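> As a plain string of letters, each chain reads:
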Amino acid sequence: MSKTGSFSDIPGTYVMDSRHCRRGYHLNMFCMSLNKEDCRRRFREDETGYLEHFPMTTEQRQAVIGRDWLGLLRLGGNIYYTFKLAIFDGLSMQEVGGLMSGISEAEFQQMMMAGGRQPIVTDRKEEREDR
Amino acid sequence: MAIIVYNDHASAFSLELIPTFAIGVAADFMPADEGYGRRPVPAVKGHPELAWHLAESLVLDEFDMTIANKMDVDHGLTVPLSIMFDQPDEWPIPVIPLCVNVIQYPPPTGQRCYSLGKAIRRAVDAYDEDLRVVIFGTGGMSHQLQGERAGLINEDFDRRFLDDLSRDPARLANIPHVDYIREAGSEGIELVMWLIMRGALGEHVSETYRHYHIPASNTAAGLIILETDESTGVTS
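Those protein sequences? They're chains X and D, same order as listed. Here the numbering used here is used: position 30 in the first sequence is 30, and no number is missing along the way. Here the numbering used here is used: position 191 in the second sequence is 191, and no number is missing along the way.
Simulated from the structure, these hints should not be mistaken for lab results. Some hints here could point you the wrong way.
[To be verified] Not everything, but these chain X residues come out facing chain D in the computed CB check (under 7 Å):
1) Ser6
2) Arg19
3) Tyr50
4) Leu51
5) Ile65
6) Tyr80
7) Leu91
8) Ser101
9) Gly115
10) Gly116
[Claimed, not checked] In silico DSS-like pairs for lysine-lysine, Cα to Cα no more than 25 Å straight-line:
11) D/Lys45 / D/Lys70
12) D/Lys118 / X/Lys36
13) D/Lys70 / X/Lys36
[Said to hold, decoys possible] Pairwise CB distance ranges (calculated):
14) X/Ser6 / D/Arg171: 15 to 21 Å
15) D/Thr109 / X/Arg19: 19 to 25 Å
16) X/Glu47 / D/Asp164: 27 to 33 Å
17) X/Asp89 / D/Asp28: 31 to 37 Å
18) D/Tyr127 / X/Gln62: 35 to 41 Å
Model, not experiment: these values are computed from the prediction. Quick reminder that beta carbons are idealized off the backbone N, C-alpha and C, glycines included.
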C-alpha cells in the first residue's frame, strides 16, 4: 500500500492527495476566484455563464449550481476552497458541516457544544484489526 | 517582535503554487480578502532585516524556504494577533510570517517541522541585534471541517498533545500524518505547525499558561504559553 493510500479507510473524509488535486483543480480554482469582489459580482449576475470560464466537468458545474456540498468534495473539491462558495452564499461552517453530515445547523451546533463528533472505533484501524 | 507560523487558507496561495514553507520578508503585509472583503484588521508590519537573515540562514542550513516579497496574510495569521492584542489601530510589534502548507497532502512531517524550529532558533541566536523574539505556533487542534465526519473533535488527543509539548516533544514529532487525519480530523493536521514553535524553544521548556476549549465553531482551541530562559513561545 502506498503512503497516500493508508488513509483511504477513514470514513467520511476526503484527503487532498495528488489524485484529488488533479480531479478538482479547476473546481477549486473557480472557488478561489471568489476571493475577488469583481469575480463575486460576475458570478452573482450569471452563475452558469461565469462557470464557463473554468474547464470543469459537467458534474462539477452541476454540483456548484446545486450547492451539493458533499458532491463537491467527491468531485475533487477541497473544503478550504469550497468554503469560499459557502461564504459567497452567506453560510456558516456549522450550516455546511450539517449539510455534509446530514443534520441541521442547530443539531450541528448542539453536537459541537457537547464536545464535537467523537472518533468512533471503526475510524481506528488497529482497533478494528484487534477485533 | 514575533515570528508567526501559520497556514494560508487559499488566500495568498492557490493550487497554482504550493510552497511547503514560505517566509515573508516584506516591510508590510495586507490582510487578505477571503471572500468577505478584506478583513478589517490593521496591515501587518514586517521585519525585513531579521526575515532576510532567517531566509538566508535557513536555506544555508538546508531548509529550502520559499521567499515571499509580497504576500497577503489571512485569518490564520491575524486571529492569533487579535487574541494577543485585541483590536488596536495598529499592531504593536513587527511580525515575520512563516506560512506552512497544510492543505495539499502531504504537509511537511512533524519531524521536519520540529527540525525547522531548531534551525530557526540557531538563526535567531546568531543574529547580531539583541531582539526579544516570540514565536507563535498556530492552527486548530483536533477538527474536521469536511465530509460526513465534519465536526470531529478528539479532546484526549488534544490534551495529550498539550501535555507532551513540554514533556515529550519527540513523541509529537513522530506522529504520522495518517494518525492526525484519523484521530484529530483531516484539518487537525494543522498541529504540525505547533512543532516549529516547539523546536525553536530548545530542549527544556516550562508551561506557564494553558487553556483548552471546544467551541461551537468546529475547531478545538488550545492556547498554551511555553517559556525558556531566553525565549517565549505562544501557540493558539
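> Taking each numbered hint in turn, which are not upheld by the structure, reported in ascending numerical order?
2, 3, 4, 5, 7, 12, 16 and 18
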